[in-house]
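Novice: Chains as they are written, first to last, in the UniProt record's numbering: chain A, 1 to 467; chain B, 1 to 467; chain C, 1 to 467; chain D, 1 to 467.
These aren't lab readings, by the way, just hints derived from the structure by calculation.
Warning: the hint list may mix true and false statements.
Copies of the same chain look alike in the list, so a pair counts if it works inside one copy or between any two.
[To be verified] Computed list of lysine-lysine pairs in DSSO-like fashion (alpha-carbon distance at most 27 angstroms, straight line):
id, residue 1, residue 2
1, K163, K218
2, K4, K28
3, K369, K351
4, K163, K132
5, K362, K33
6, K245, K273
7, K132, K11
8, K351, K273
9, K26, K11
10, K452, K351
11, K33, K19
12, K454, K366
13, K4, K19
14, K28, K69
Number of protein chains: 4
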Amino acid sequence: MNFKQIEISEKLVPVNYLKLAVESQKSKEIKVKELFEKRSLPEEGWSDDLIEYTVQQLTNLDSNNFPHKAGLGEREARIACNLVARRHYSFGHGIGRSGDLLEAQPKAVGSSILSQLTNNMLLQLLRTMGIKSCQSSFLVPLATGMTLTLCFLSLKKQRPQAKYILWSRIDQKSCFKSITTAGFTPIIINPVRKEGREGLFTNLRQFTEQLDRLPNEKILCIMSTTSCFAPRNMDAIYELAELAKKYNVPHVVNNAYGLQSQYICSHIEGAAKHGRIDLFVQSTDKNLMVPVGGAIVAGFNEEIVHNVAKSYAGRASSSQTLDVFMTLLSLGRNGYLTLSRERKQTYEDLKAHLIDFADNNKCSLKHSKFNPISMALYLDNLSEEQPTKLGSMLYTRGISGTRVVAAGSNKTIDGYEFKNWGTHEDIEGPAYLTAAASLGLTSCEIEVFIKKLKECWKDLHAQMAKK
Amino acid sequence: MNFKQIEISEKLVPVNYLKLAVESQKSKEIKVKELFEKRSLPEEGWSDDLIEYTVQQLTNLDSNNFPHKAGLGEREARIACNLVARRHYSFGHGIGRSGDLLEAQPKAVGSSILSQLTNNMLLQLLRTMGIKSCQSSFLVPLATGMTLTLCFLSLKKQRPQAKYILWSRIDQKSCFKSITTAGFTPIIINPVRKEGREGLFTNLRQFTEQLDRLPNEKILCIMSTTSCFAPRNMDAIYELAELAKKYNVPHVVNNAYGLQSQYICSHIEGAAKHGRIDLFVQSTDKNLMVPVGGAIVAGFNEEIVHNVAKSYAGRASSSQTLDVFMTLLSLGRNGYLTLSRERKQTYEDLKAHLIDFADNNKCSLKHSKFNPISMALYLDNLSEEQPTKLGSMLYTRGISGTRVVAAGSNKTIDGYEFKNWGTHEDIEGPAYLTAAASLGLTSCEIEVFIKKLKECWKDLHAQMAKK
Amino acid sequence: MNFKQIEISEKLVPVNYLKLAVESQKSKEIKVKELFEKRSLPEEGWSDDLIEYTVQQLTNLDSNNFPHKAGLGEREARIACNLVARRHYSFGHGIGRSGDLLEAQPKAVGSSILSQLTNNMLLQLLRTMGIKSCQSSFLVPLATGMTLTLCFLSLKKQRPQAKYILWSRIDQKSCFKSITTAGFTPIIINPVRKEGREGLFTNLRQFTEQLDRLPNEKILCIMSTTSCFAPRNMDAIYELAELAKKYNVPHVVNNAYGLQSQYICSHIEGAAKHGRIDLFVQSTDKNLMVPVGGAIVAGFNEEIVHNVAKSYAGRASSSQTLDVFMTLLSLGRNGYLTLSRERKQTYEDLKAHLIDFADNNKCSLKHSKFNPISMALYLDNLSEEQPTKLGSMLYTRGISGTRVVAAGSNKTIDGYEFKNWGTHEDIEGPAYLTAAASLGLTSCEIEVFIKKLKECWKDLHAQMAKK
Amino acid sequence: MNFKQIEISEKLVPVNYLKLAVESQKSKEIKVKELFEKRSLPEEGWSDDLIEYTVQQLTNLDSNNFPHKAGLGEREARIACNLVARRHYSFGHGIGRSGDLLEAQPKAVGSSILSQLTNNMLLQLLRTMGIKSCQSSFLVPLATGMTLTLCFLSLKKQRPQAKYILWSRIDQKSCFKSITTAGFTPIIINPVRKEGREGLFTNLRQFTEQLDRLPNEKILCIMSTTSCFAPRNMDAIYELAELAKKYNVPHVVNNAYGLQSQYICSHIEGAAKHGRIDLFVQSTDKNLMVPVGGAIVAGFNEEIVHNVAKSYAGRASSSQTLDVFMTLLSLGRNGYLTLSRERKQTYEDLKAHLIDFADNNKCSLKHSKFNPISMALYLDNLSEEQPTKLGSMLYTRGISGTRVVAAGSNKTIDGYEFKNWGTHEDIEGPAYLTAAASLGLTSCEIEVFIKKLKECWKDLHAQMAKK
C-alpha cells in the first residue's frame with residue numbers, strides 16, 4: 001500500500017506519528033524495487049512477511065485473481081478447495097506456455113514474473129557457487145532423473161541418429177532410468193580403482209575406446225556424475241569434458257546434489273572452460289532444501305539450455321518455482337553461502353568422529369577429496385548378515401540416510417544386469433556403511449548419529465557373543 | 001487426540017460436559033476411519049478442519065517430521081524456509097521411489113499413504129463419471145502433454161521398433177509436442193466435415209489407410225482427443241478403438257478436460273468395451289480445479305498403467321497429490337457430481353444466450369452434441385481485422401478464455417507445417433469465436449460475458465461507422 | 001506494491017501483458033483508498049485477500065515490526081511464539097494509551113489507525129441499523145457486563161454521591177453483577193404482566209415511585225434492557241427515557257444483542273430523541289458474529305461516551321478490534337443488512353414452526369412484537385421434572401441455546417435474593433422453553449431443531465406411558 | 001488420529017514401514033497425555049505443530065464446532081468472517097460463565113479446558129520464578145490497570161466502608177487510574193531519597209502515619225509497585241507487607257513486569273511469608289511476550305483470588321488465554337528460565353555499556369540493585385531543551401522505549417495534581433534518560449542503541465556548537 005498516495009486524516013492518527021512509521025517502510029520498499037529491477041538474488045535474506053507480501057502482489061497479477069472477470073475458456077485456474085488456494089497463494093496457471101517453459105503467459109503475468117525472477121536468481125546462485133561462466137539456467141518442475149530424460153530428448157532433436165549414451169556407472173536407479181526412459185541404449189562403463197588412492201575413479205580409457213569404436217552420430221552424449229555415495233568419487237569431468245570436445249559429442253553432467261559444494265562447482269566451471277559441457281542438472285530439494293520435485297537445468301550456451309525448455313510439452317506446475325523463489329529470498333546470497341560453509345564444516349566433523357569410531361572399533365573410514373560429501377565406513381570385521389543388521393538397527397533408532405552396502409546383490413533394470421548393485425563395480429569388496437554431510441546437517445545430528453552407532457555396535461556384538 | 005485414552009481430571013472440566021463433547025467427535029472419527037479402511041472417495045465433502053487434521057496426521061508419519069531423528073543421507077527432506085514448510089504441511093519426500101511412482105517410500109510413510117489414497121479416490125471418481133470398467137489410474141505430477149510423452153515412452157518399451165503415432169489433428173500445441181518430444185514421427189490426419197452435421201469429424205478412412213500402409217511394428221499407437229475447441233468435435237473414439245483392436249495397435253486417448261463430462265466419459269467406457277484403449281490421460285487442473293501441473297493416467301489393464309508409473313525416473317513432487325487429495329475430500333462424490341451437473345446446465349445457458357446474440361446480430365452459433373463443452377460463434381459479417389479486434393477488446397474488458405480463430409495463419413512446429421493453425425483443418429473458413437462451459441463456470445460469469453460481448457460488438461460497429 | 005513505481009523489465013514480462021494486469025488492480029486500490037480517506041463502512045464486502053493485505057499494511061506501521069529497531073523500554077511488543085505472532089498479524093501493542101482507549105499510540109501507528117477505523121465503521125453501522133442520531137461509539141475489549149460496570153464507574157465521576165441504580169429486573173446474571181461489581185446498590189424493579197397482552201412489561205409506576213422517593217444525587221442512573229429471553233419483553237425505553245429526562249438522571253441501556261434488530265434500534269433512536277439515553281451498550285459477539293469478548297459503547301453525546309473510554313485504566317487488547325475490523329470489511333454495509341433481514345425472516349419461520357408444533361401437542365407459543373428475537377413455548381401439559389428432562393434431552397441431541405425455565409428456583413447473587421430465578425418475576429407460572437432467532441441462524445438449523453423437538457417429545461411421552 | 005485403531009491396508013503402505021512411523025509418534029502422545037493429566041508446564045518447549053494439534057483438538061470440543069448442531073440461543077459462537085475463525089482456531093465462546101471467570105461452560109468444553117490448563121501452567125510458572133507459596137492464580141483478559149481496578153472492586157465487597165487506597169507514588173498513569181476508576185480516593189505517598197544510596201525508596205514513615213491516622217475500615221488497601229522506571233526503586237514490599245499484617249489491611253502489589261525477574265519474585269515470596277500480600281498482579285505482555293491485553297492475578301489464599309474471578313461480570317475473551325497457552329507450551333519451563341537468565345545478562349551488558357558511555361561523556365549512570373530492570377543515565381551536562389531533543393532524536397532513529405524525564409512538568413489526573421510528573425517526586429532534579437533491560441532484549445539491540453546514542457550525542461553537540 002502506498003501510504004504516501006492516501007490522505008490519512010489526522011482523525012485517524014497524528015501526522016507526525018504517521019510520517020515516522022511510513023519512513024520506516026523505506027528499506028523494505030527498496031528491497032522489493034531492487035528485486036524487480038535488478039532481478040538478482042538479494043545479498044541478505046528477507047523476512048517471511050516481506051516474502052509473503054511480494055508473493056501476494058504477484059498473484060494479484062494473474063487473471064484468475066482479477067476482481068471482475070469472466071472465464072470462458074477450458075482452463076481458467078479456478079480453485080475448488082480453499083485450502084488448496086491458500087497454500088498456493090491462489091496461483092493456478094502454472095508456468096510457461098504450451099511450447100516453451102520460459103515463455104510468459106498473457107493470462108498469468110504474476111506467475112510469469114515469478115518464474116523469470118526465480119530463474120534469474122538461480123543463475124546468480126550458480127555463479128556465486130563458482131560456475132561463473134554459466135550462461136543460462138531454469139527450473140523445471142520435474143525430478144532430476146526425468147529432467148535428464150528431458151535433456152536427452154532435447155539433444156536428440158539435434159542428433160536424430162543418436163542411439164547411445166556413454167555412462168559412467170553409478171548405482172542410483174533413477175539416474176540409469178533417465179537413459180532407458182528416454183529410449184536410449186546405455187553404454188555402461190564401470191569405474192575403476194587406482195593404486196594408492198581411495199575410491200572409484202572414472203574409467204577414462206574405456207570412454208576413449210567407446211568413442212573410437214562407435215559412429216559419432218550414433219552417440220547422443222557422454223553422461224557423467226559429480227555427486228555420489230562413497231566410495232565412488234565424482235567423475236573426472238575435466239577429462240570427460242576434454243574428450244567430449246575432442247570427439248565433438250555432447251556432455252551432460254548429473255550434478256544432483258553438487259551445487260551445495262563449491263569444490264564440485266569449481267570442477268564444473270573448469271571442465272566447461274577447457275572442454276565441453278552442454279548441460280548440467282541439479283535437484284532443487286537436495287541443494288536448496290525444498291520439497292522433492294524440481295531440478296535446475298543449466299549450461300554454458302543459452303540456446304542449448306533454451307531448447308530443453310522448449311521440449312517440455314505443456315505448461316508446468318509453478319509450485320516448485322514458488323518454493324524456490326521463497327527459499328532464495330529467505331536465505332539471500334549470504335545465507336546460502338553460510339549454509340554451504342557450515343556443510344563443509346560438518347563434513348570435517350563427521351569425518352573426525354567416524355575416524356575416531358573406526359580407530360576404536362577395528363574398522364576403517366574411507367574418504368577422498370574427490371567426494372566432498374559422502375564417506376564410507378568399512379565394516380571389515382563384521383561378517384555375513386551383521387552389516388545389514390547394523391543398518392536396520394540404525395534406522396529403527398531414528399538414523400536415516402546411512403546405507404549399508406554389501407557386495408553380492410545383482411539387479412536387473414530395464415533389461416540391463418548389474419553385478420553387486422549398490423557398489424558401482426563388478427569386483428566384490430567388503431561391506432561398508434555410507435554417511436553423507438549434506439546441506440542442513442547439524443552438529444547435533446552428528447552427535448546423535450555417533451551415539452546411536454556406538455549403541456548399535458555394542459548391541460550387535462552383545463548379540464554375537466550370545467550365539 | 002484420543003480423549004478416551006487420556007484421563008481428564010474433573011479439575012479441568014466436569015465429566016458430563018466432557019462426555020457429550022467427546023461423543024460429538026464420533027462422526028468425524030468414523031469418516032477418517034472409513035477413508036483409511038475403505039480407501040474410497042467419501043460420499044459427502046469434508047470440512048476444511050477435518051481435511052487439515054488428516055493431512056497433518058499423515059505428515060507426522062514422514063521421517064523428516066519425526067521428533068528425534070538424525071539424517072545422514074544426501075536427501076533428508078529438510079526444508080529451509082518456514083513458509084515453504086508450512087504450505088506443504090512439512091511434506092518433503094515427494095512420492096514414489098527411484099524406479100516407480102507407485103512404490104511406497106520407507107522414509108515417507110505419510111506421503112506414501114497420501115499418494116495411494118489419492119490414486120484410489122481418483123479411480124473411484126473415474127468410475128463415478130461413467131468409466132466403470134477402468135481398472136487402474138494414478139496421478140502424475142506432470143502437465144498433460146508431458147504425461148502423454150511419458151505414456152509414449154512407456155509404450156515404446158513394448159514396441160521397440162515403433163516410430164509413428166497416428167494422430168487426429170487438433171491445433172493445440174502441447175498435444176502435438178507430446179509426440180515430437182518423445183521422439184516419434186506424427187502421421188497427421190486432418191479431421192473432415194460431414195454433410196448436414198456441424199463441426200469437424202475424425203477422418204476414419206485415412207486412419208484405415210495408414211494402418212494398412214504402415215508396418216504394424218513401426219506404429220506406436222493411435223492418438224485421439226475427446227475434449228477440444230469447437231468446431232472440432234471429439235474424435236470418433238468408438239470407431240478408432242475398433243480399428244486399434246482390429247489392427248492390434250495401442251490406442252492412447254487425450255481426454256484433457258473430458259473427465260468433467262459424463263457424456264465424454266461414457267464414450268470412453270463404450271470404446272474400451274468394444275474396442276481398444278490402452279491409456280487415457282486427463283489433466284487435474286481442468287477437471288478438478290486445482291493449480292496446473294498434474295495429470296491422471298488411467299486404463300483398463302493394470303499392467304499397462306503401472307508400466308507408465310515405472311517409466312518415471314526418480315521420485316516426484318507430492319504437491320499435486322496433496323492438492324487433489326484435499327480437493328477430493330473437500331468435494332466428496334456428491335460434490336463433484338453436483339459440479340458436473342451444474343456445468344452441463346451452464347453449457348445450455350451459454351448456448352441459449354449465444355443463439356440469442358447470434359439471432360440479433362447476424363452471426364451464427366455452431367454447436368454439436370459431439371462437443372459438449374465448447375461452441376463457436378461464427379462472425380460471418382465481420383471482415384478483415386475485426387474478429388481479432390473483437391477478441392482483444394473482450395480480453396481487455398476482463399473476458400478470458402474466448403478465442404477468435406481466423407484462417408490463413410500457418411505455423412511450423414518442430415519442423416511440421418500446419419495450414420490455418422488454430423482451425424484444425426487445411427480448408428479455409430470464416431472467422432469464429434469459441435467459448436467453453438467448463439467446470440466451475442458460473443451463470444454470473446455468463447451474464448458478464450454476454451454483456452461485455454454486446455458492448456464490444458456495439459463499439460466495434462461504432463468504429464466501423466466512423467471510418 | 002506500487003507496480004507503477006517499479007520499472008519492470010521486458011525481460012520479466014511483456015509490457016502490454018503487465019499493463020493490463022496492473023490496471024485490473026485499480027478497483028482494489030480505490031477500495032483501500034476510500035476506506036482510509038472516508039473512514040466509513042464499505043457498501044460491499046471485501047475479499048479475504050484484500051482484508052489481509054490491508055491488515056498487513058497496518059501492522060507494518062507498528063514500531064515492533066519496523067525493520068531496524070532497538071527496544072529499550074519495558075514494553076516492546078515482542079512476541080515469543082510464532083503461532084501467536086501469526087494469528088495476531090504481529091500486532092502487539094494493543095490499543096489506546098494509559099489514560100484513554102481512544103488515544104493514538106506513537107509506537108503503534110497501525111494499531112491506532114485500526115482502532116479508529118473500526119470505531120468509525122461501527123458508528124456508521126449503528127446509524128445504518130436505525131440509530132441515526134448516535135454521535136459517538138467505540139469498541140471496548142470487555143464483556144458486555146464489565147462494559148456496563150465501566151460505564152457506571154465513568155458516570156460516578158460526574159455524580160460522586162450516587163449510590164443506587166434503578167434496574168428493571170432481567171434474570172441474566174452478568175447484567176445484575178455489572179451493578180454490584182461497580183459497587184452500587186441495585187433497586188430491583190420487577191416487570192409486570194398486562195391484561196390482554198403477552199409477556200412481561202416494565203413497571204413504570206414503580207420506577208416513578210422510586211425516582212420520587214430517592215434523593216436525586218444518590219441515583220447513579222436508570223438501567224434498562226432491550227434484548228432478553230421471552231416472555232420478558234424489551235423494556236419501555238421510550239417511557240424510561242422520558243422519566244430520565246424529567247428527573248434529570250442518567251439512563252443506561254443494555255442493548256446486549258439488540259443491534260441486530262432494526263426494530264429495537266428504532267426504539268433506541270426514538271427514546272433518545274424524546275427522552276434521555278446517556279449510554280447504550282451492545283456485545284460484539286452476538287451482533288457481529290465474532291468471538292466473545294468485546295462490546296460497543298455508544299451514545300448521543302460525544303463527551304459522555306469519551307469519558308467511558310477515559311476510564312479504562314491502561315491500554316487494551318487489539319484482538320477484538322481486529323476481529324471486528326475484519327468482519328465489517330468482510331460483510332460490508334449490504335452484507336450486514338442482508339444478515340439482519342434474514343434474521344427477521346428466520347424469526348417468522350421459527351414462530352410458524354413452533355405454533356404448528358404447539359397446535360399439535362397441546363402447548364402454546366407466546367410471542368410478542370416487543371420481543372423480536374426470543375419466544376417461549378409454554379409446556380402447559382408437562383408436569384414436574386418433565387420440562388427439565390426435555391431441555392436436557394434436546395441438549396444431548398445437539399440443540400444448544402434453548403432453555404427450559406420453571407418457577408420455584410430461588411437464587412442469591414451478591415447478597416440479593418431472587419424468587420423464581422430465570423422467570424424475571426416473583427409470581428409463579430407454568431414452565432416454558434425459550435428459543436431465539438439470532439443473527440446467523442439458518443433455516444436448516446430450525447428444521448433440525450423442530451425435528452429433534454418432535455423426537456424428544458415423543459420419547460418423553462413414551463417414557464411417561466411406561467411408568 | 002489413532003493409527004493403532006485404524007486398520008491400514010497393506011495396499012496403502014507395507015506394515016513394517018507403518019509400524020516404525022507410528023512408533024515414532026509415541027513421544028508426542030506422551031507429551032500431550034502428560035499435559036492433560038498432570039496439568040503442568042512442560043519441562044521442554046513443544047513444536048509449533050504439536051501446539052496447533054492440541055489447540056485444534058480442544059476447539060473441536062466446543063459446541064459451535066460440533067458437526068451436527070443447531071443453535072437456538074442468543075449466543076451461539078457463530079463466526080461470520082473466515083479470517084477471524086481461522087485466527088481463533090474457531091474458538092468463539094470465550095471463557096468463564098456469567099458470574100465467574102473460572103467456571104466451566106457446558107457449551108464450551110474445549111475453551112474451559114484451555115482456560116484451566118493455562119491457569120495451572122501459570123501457577124507453576126509463578127512458583128518456578130520463586131513465588132513458591134503462591135496458592136492460586138488466573139489469567140484475566142484485561143490490561144494490568146483494569147485488573148487492579150477489578151481487584152479493588154473485589155476487595156470492596158469484603159470492606160464495604162472502604163474509601164482510601166494508600167499508594168506509593170509511581171508516575172505511571174494507568175496505575176494511578178486503576179484507583180480512581182474503581183471510585184476510591186488515593187492517599188499519595190511520595191517516595192524518598194536515602195543518603196548514600198541510589199534512587200527513590202518507599203516512604204515507610206508516612207505509610208505508618210496514614211495507617212495510624214485513618215479509620216481502619218475506611219482503608220481499602222495498601223498498593224505497592226515492584227517494577228518501575230529508574231531512579232524509582234521497587235517498593236519496600238517486605239516492610240509494607242509487615243505493616244499490612246500489623247494494621248490488618250489488605251495489600252495489593254502491582255508486579256506489572258516483575259515476573260521476569262527472580263530477584264523481584266523472591267521479594268514477593270519473602271514479603272508474603274513474613275507479612276501480608278492479598279493479591280499481586282502482573283501483565284502477560286511484558287512478562288510472557290504476548291500481545292497487550294492480559295494480566296495474571298495471583299495470591300496466597302485461594303478464596304481471595306477466586307473472589308476477583310467472581311467479580312468479572314460476564315464471560316470474557318479467550319484470545320489472551322490462547323496466546324498464553326501457546327506461548328507457555330512453546331517455551332516450556334526451561335525455555336522461560338533461559339529467557340529470564342538472558343535478560344539478567346542483558347541488564348549487566350546494558351549497564352556496562354552505559355557506564356562506559358557516561359565515563360566518556362561527562363554524564364553518570366544511576367542504577368540500583370533495588371531496580372533490576374531499569375537504569376537512568378543522568379544528563380547532567382545538557383541544558384534546557386537538549387535532553388528532550390536527545391529523546392526525540394533517538395526515537396526518530398528507531399530507538400524505542402527510552403524516555404527522557406525532566407522535572408518541571410506538572411500534571412493533573414482525575415483531579416489530582418502531580419508535581420514533576422514522570423519523576424515520581426516533588427523535588428526537582430536533573431534530567432535523565434531511562435533504559436530498561438526487559439525480557440527478549442537482544443545484545444544486538446543494545447549495540448544498536450549504544451551506537452545510535454553516540455551518534456545523537458555527537459549531532460546534538462555539533463548543533464550546540466553552531467549556535
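Novice: Each hint needs a verdict: does it hold in this structure or not?
Specialist: Now the hints, each set against the structure:
1. K163 to K218: Both. Shortest intra-copy (5 angstroms) and inter-copy (17 angstroms) distances satisfy the 27 angstroms Cα cut-off.
2. K4 to K28: both (15 angstroms within a copy, 17 angstroms between copies)
3. K369 to K351: within (12 angstroms within a copy, 50 angstroms between copies)
4. K163 to K132: Neither. Shortest intra-copy (32 angstroms) and inter-copy (41 angstroms) distances fail the 27 angstroms Cα cut-off.
5. K362 to K33: neither (60 angstroms within a copy, 45 angstroms between copies)
6. K245 to K273: within (11 angstroms within a copy, 55 angstroms between copies)
7. K132 to K11: between (56 angstroms within a copy, 21 angstroms between copies)
8. K351 to K273: neither (32 angstroms within a copy, 58 angstroms between copies)
9. K26 to K11: both (24 angstroms within a copy, 26 angstroms between copies)
10. K452 to K351: Classified as within; 16 angstroms inside a copy, 45 angstroms across copies.
11. K33 to K19: both (21 angstroms within a copy, 17 angstroms between copies)
12. K454 to K366: For K454 and K366, only the intra-copy Cα distance (19 angstroms) is at most 27 angstroms; the inter-copy one is 56 angstroms.
13. K4 to K19: both (9 angstroms within a copy, 22 angstroms between copies)
14. K28 to K69: between (32 angstroms within a copy, 14 angstroms between copies)
Violated hints, listed in ascending order, are 4, 5 and 8; each of the other numbered hints is respected by the structure.
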